[in-house]
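Colleague: Take a look at the letters that make up each chain.
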Amino acid sequence: MQSTLFHRAAAGLTSLMISGMTFASDWTERSDLDLRPGVTQVSQDIQDLHTTVLWIVTVIGLLVFGLIVYSMIRHRRAKNPNPATFHENVFLEVLWTVIPFVILIAMAVPATRVLVQIDDSAESELTVKVTGYRWKWSYEYLTYEDDNDIGVSFFSNLATPPEQYNNPVLSGGLFPYGTAKELVGKEAPEKDHNYQLEVDNKLVIPSGQKVRFLVTSDDVIHSFWIPDFGGKKDAIPGFVNEMWAKVPEGKEGTYYGQCAELCGKNHAFMPIAVEVVSQDEFKTWIAEEKEKAASGPDLTPFSGLDQAMEEGKQVYASACALCHGANGEGGIGLPFAGTDFSTKPEYLNEHIDVLVNGRAAMPAFKAQLTPRQIAAVVTYERNAFGNDTGDLIQPADVNDHE
Amino acid sequence: MSTAAATHDDHHDHHHAPTGLKRWLFSTNHKDIGTLYLWFSFAMFLAGGFMAMVIRAELLEPGMQFVDPEFFNQMTTVHGLVMVFGAVMPATVGLANWMIPLMIGAPDMALPRMNNWSFWILPFAFAILIGSVIMSAFGDGNPSAPNFGWTFYAPLSTKYGPDSTDLFILSVHMMGISSIMGAINVVVTVFNMRAPGMTLMKMPLFVWTWLITAFLLIAVIPVLAGAVTMMLTDRHFGTSFFDAAGGGDPVLFQHIFWFFGHPEVYIMILPSFGIVSAIIPAFARKPLFGYASMVYATASIALLSFVVWAHHMFTVGMPLAGTLFFMYMTMLISVPTGVKVFNWVATMWRGSMSFELPMKWAIAFVVLFTCGGLSGLMLAITPVDFQYHDTYFVVAHFHYVLVTGAIFSIFAAAYYWLPKWSGVMPNKTLGELHFWNSLISANLLFFPMHFVGLAGMPRRYADYALQFADYNFWISIGGFWFGLSQLLFLAVAVLCAMKKGEKAPAKPWDGAEGLEWEVPSPAPFHTYDTPPVVK
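In order, the protein sequence lines correspond to chains P and F. Its first residue numbered 1, the first sequence is counted upward by one per residue in this note's numbering. Its first residue numbered 1, the second sequence is counted upward by one per residue in this note's numbering.
So that you can see chain F by itself, here it is in the shape it has in the complex (with noise of 0.2 Å):
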């Protein structure tokens, strides 16, 4: 049935396929905006990560050598924020919107004028922001950039935020109106553009746990919202939400915060669960174990995340039985995350695996995924928390679940996607070099962190205590080449672009399963007017 109805497309892309600026300006189309988002967020991790790579040049050795400690907590801060909102979520929302609509069978997202909109603020939300940093490192006593950590506590960031901090909140609000905008797209798509036959629980599982993602997303991000308009009427309308002098409560900011921030942290994963269960089962030869309770531990996962915002604040002095339900409800949370990572396990077991590029950063990730997981669990014990808590053991365990999680498997996803999108394969030498120098470096990177973090080092520090040196020389030798390495990414891409490499067929893995494949590579322009029939 396809065949017919890409000849068709073939046909309609000829005379409508917009071209030039106003393709990418106007474009309603999901695969173009799916290709904007991607390519933006690539930028943004460039970005972010040249930023990591000045904190790591400050703290090669001690002593302040590069930066001013002010300019060095602009840094950290604005590596986080355009890490996370800037890298890894356009990054999901990108493969969201060039997937979804070819694994259900739908024309296009449900949206499309919408979806434009989702796209097109996020680059002016981030100008702004980092705008605000290059005046700040460029002009002379020029204000600060935003300096309070990409968590913007209270009171640092309201009555002691510079003045740059308004920028940031504008910022703020618009990469939110974005997500929502994004948010809402997927979950009007998944509920009314399925193909005939394409049951919920036929669904590929990217597409639920983005769909729960989705969810997550229009729960928590008018939360953050709300956090900074009360950040904004406490800077200049005279309210005191969060100044205990005025009668607010500068606590009440962090359960706010982290309200919204612990959901955060699931929307920048679950699609990465989604990605993984699809490439695992293509390589392995072997159908996904567990579909149905793969369902259910991403739906499990996602209402416990709403009962453990406060193991974020297990040192601000709340009451004991407080303490002790975040404890328990915390480490509830590993038992679904436990589940997906046996499936993953018995997906491979008794398969029939090759290792090509996108399954080799899946294993990857489900190997340093777990290790994430793991410290995730020691940090749950709160008692142990009080001596791990705001160290680099923490900054240790969530960059092993964002890089080595969530950033390794949206490389499995791009590396295993992008026949389907450029029409040729990506380039293997770069990719295997690509591959091999991001694995050794990012535990080269992360996991002296542990240590250093164990031995006492606090987060978010210029400068430190001469005990931290060795540790923290190999960190930055770790983070100057995992920064390198994502260089070879670039011109892998670039490759892509220019349609330099092997042609792809429509089905280049020969295990993988989906109707994405059922069409042409590189996807036609506009694929499933017609809709297909699921059996």
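Bound conformation, chain P alone (with noise of 0.2 Å):
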């Protein structure tokens, strides 16, 4: 730990004299000093603004603290021991009256201005209706040109793995760790390049065109916000919020962004990524979504139990461990390992259920997973973390069940 603290100390202090010079073009390179230019008209005319008014504070920060420094000198009582006695100056006061009102105007003008421009999401050639969710988003394609029924949506979790945040160093009583206290002291693996940014299905969009988004949320208040893109709309239950984004032909790339208003436990842990592609390549990709989801779910029975824990060990990494801990101890949600719920014959029924249609705080499943994903982490919990069932739970056994 000590020479963790001593290497980030150097590293960091170097990294702050450098980074007055370099400018890192992918956001997850370095932080800068400064606020992204972005990719966007949006983006950048947001940074342009920004540029103006930090000049004008900076100058008008130092030209006060230039005063204050200028009179704590000269105006010392070993320089200047018969004070003045002044107190008003009508013509003084009326002038820093109105010289900032004056100011002020001339930064209302240009903000107007980008402040009508982003209001502005009419002419969209692309809609997907963006829902938040604790801890993750979906994205439902709504319409794309002419179609009108597109029918693609899915879910979108953070993919960075558990071990790579659960670095726990301290166990048990004032510092809670509750559901990683086996990890106390243990190595942590290297965390990646994009850590805690990567998702499993990033948000698809076309370069070159104007895509709304239409944000909302199922449970509480969360914000969606690419940096990148310029600007965030908070996604509130039971409202609509629009926004809008077109990135140029060329900038094609991933962009990433963050859940930016407090939702509660996991708000850090719902990462957004967005896969900007050209034209063509969004609607071979697009058309492939849309026959992958007329097709029907894929009910192919499981080989054995060995291929259901191995799918069901990664369904349950991203939508569950979150609730019930990466070793099904239990936290938000309640625990698998060794309880009757997961080893009792009579509640596999009622287990399958739970997952598919929800019951009290957790949620309903069956639109975020598949019947074969739903059955395999069914499987997985009532085989895994001790448990030792031996049920094998079907995509069909799932896709039955009403």
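If you are wondering where the hints come from, they were derived from the structure by calculation, not from laboratory data. Don't take every hint at face value.
25 Å max Cα-Cα, derived DSS-like pairs, lysine-lysine [as the list claims (entries may be wrong)]:
#, chain 1, residue 1, chain 2, residue 2
1, F, K159, P, K366
2, P, K79, F, K428
3, P, K129, P, K210
Could you use the hints to bring the two separately framed chains together as a complex?
Modeller: Printed below as a string of structure tokens:
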């Protein structure tokens, strides 16, 4: 720990010193000193406005602080033993009321122009409904050009494995670290380049076309934010907010963002990743997705317990572990390890039902997971963490479940 | 005149001053109650500071090392609540209790029994709030403490709130009752108890800023009480004020909260303006520049504070016209604030300045509060706010105005008036160490937050992407340094309370003006039984 801290101190100091000179092109490379210009017209207009205002306040600040420092030196008691006695000056007082007012108007004009531009979400080519969940996003493609019946939707979860962020050094007592006690003192795997930013399913959008996002939430308030697109919009349950982005052609690539409104325990664990592709690529992608969605669920049975367990383990890590603990020990959600619910045969049907239809705080997963994934994860929960029921649930069992 | 009165007071003192626990429990004396408020607020400052250090320990490096994200959220929430309602507000009420009667020549606050009650509610309110944290921290499997941020947005705090939300609601109600009673007391005292000749426009600026603060409190604390009551009925009695599924509106909560919340930030900063307006003339040995314009600027800030609340909510999806209105009004508020800063600079100009501890803190206040004000102006520009909103840039902004603003000015006030309160001069060596350590560490703590915010780190994050690691490391180091530096002030205050130190004369600062310096140091238990005459 000591050497790590020292190492970070040295590295941090060096990078602070050079950060004024370097400029990262990729958000994940390192943090800049300044607001990122981003890739859209809007984000660049915002950055210009930011630069203007920053210069204005810097000049005002330096002027005021300069006067204070000058006065502290020249008008200290040793230098100026006899203080002046003036205590008002109408001209000055009017002057320093009027001048700031004029400066404010000079800032308000461009600000209003950019705001009006941001507000105009008309004539978009693609509309995507973005829904915030605790703690993941879902994307539903509503319309694209003349196609009003796409029917493609999916969920997007954090892809950073829990071993990378669970690095507890203390256990119990004043600093509870409920779900990761057995990891105390263990060597943590190295963190990925896109630590806390990578997701399993990226939002895919075309470049050169105006994309409208309809932002809402299923539970609490979240906020949808991709810094390089400029600005954020709150996702509010029961309301639909609009925002839009148009990434110019030639700027294809992956852009990252994060939830920006406190939404509970895993607020920091629901990133956004957007893959911007050319229009041709997008058309191919959306056609493939439409076909997949139309062909119905994959009901091929598992070849055996091992195959189901392997697929179930992946589903569990991305969909269940945040609430139920990486080792089924529970957390916000109930535990699985050794409980009646996940070991006794009479609860098997209920187990499937809770996953499909939800119960109390547990959300319904039938929209988020395929029957194959649900079957795999129920199998996993009943055969992992020391449970040993031997139950093998097939995709068809879940698909038949009402 | 005051010498005779003071001798009489001493005599009085000798026969009637209560002692022991009863002196504090049943006190109706404005000085004792002021002292209680000040000690209480300092204790809360240390408690809230400890929570901040838990937050900074977790954010020292990427990854979850010390606490679970759930407990992290409890820390950010209760840190905010304790600092706002437990540290800053009671500290300014304590200063008002001690100083307003002395400054206007009144024998005590107008409503002394209510004064006792408004203080003694507070320890219970905070016992309830902090108790829920202690239960959550030490009991395995116990329900969470409040974990929804100090702004407790619905539905995170209603439908999704932990069971302890009800304790939180009760606690906020009690704090609110305390604040409202304290505010009524100030208004009644200022309007009815001024010494002959003390006209409104002769009052020290501290009294003026507190009078206006008191009106703000009376106007908006009931709104907060309304908000938490609506939460309570949403949680338990089947209403749907903030639940869209029942025809309510989660955004309504934010409108109500910020209609309280924005004036609240001025409630915390206006008394600071008064403090600094007393200290700068004293050490520049020159009258305050633009007294009348200071009063009018304070009043305009207070009035404007009622029409800017939605600048906290630019991203909720307001109509364009609403957004523009709140942007323009918010920008406008920088005009009277600027007038104040210019007036302080003009007061220093061609003065004969010396830099004793109160002056050091006051100048640090002017400079660093101005930094916070300027980043506030940047935040007012709505399109850019869409990027800044809910990032560490905002955290940097409000810590500049609240820590290096409000809290620095409270320290200035403490060093300025401690000789009057205790009768001894605050220890200079410890005081200098306290000042310089606080000044440097606070900037190491809060300035890089601007950068990490601009780089895109959202606030209230228990863990962060790797590109934010370097800044967070330095911010955390600044945080521990700043937190530990405050123990130096504890030493200063304890030494004063034990009367250890150089004995203070009635007027220890040669340039100071005001009635408070005409009574002996320490101020006798009863002062101004016979009102002084102000010419």
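Colleague: With reference to the structure, classify each hint as holding or not holding.
Modeller: Tested hints:
A distance of roughly 23 Å separates the Cα atoms of F:K159 and P:K366; the hinted pair therefore holds under the 25 Å criterion. About 24 Å separates the Cα atoms of P:K79 and F:K428, which keeps this hinted pair within 25 Å; it holds. With a C-alpha separation of about 14 Å, the suggested pairing of P:K129 with P:K210 holds against the 25 Å cut-off.
Checked against the numbered hints above, the structure breaks none of them.
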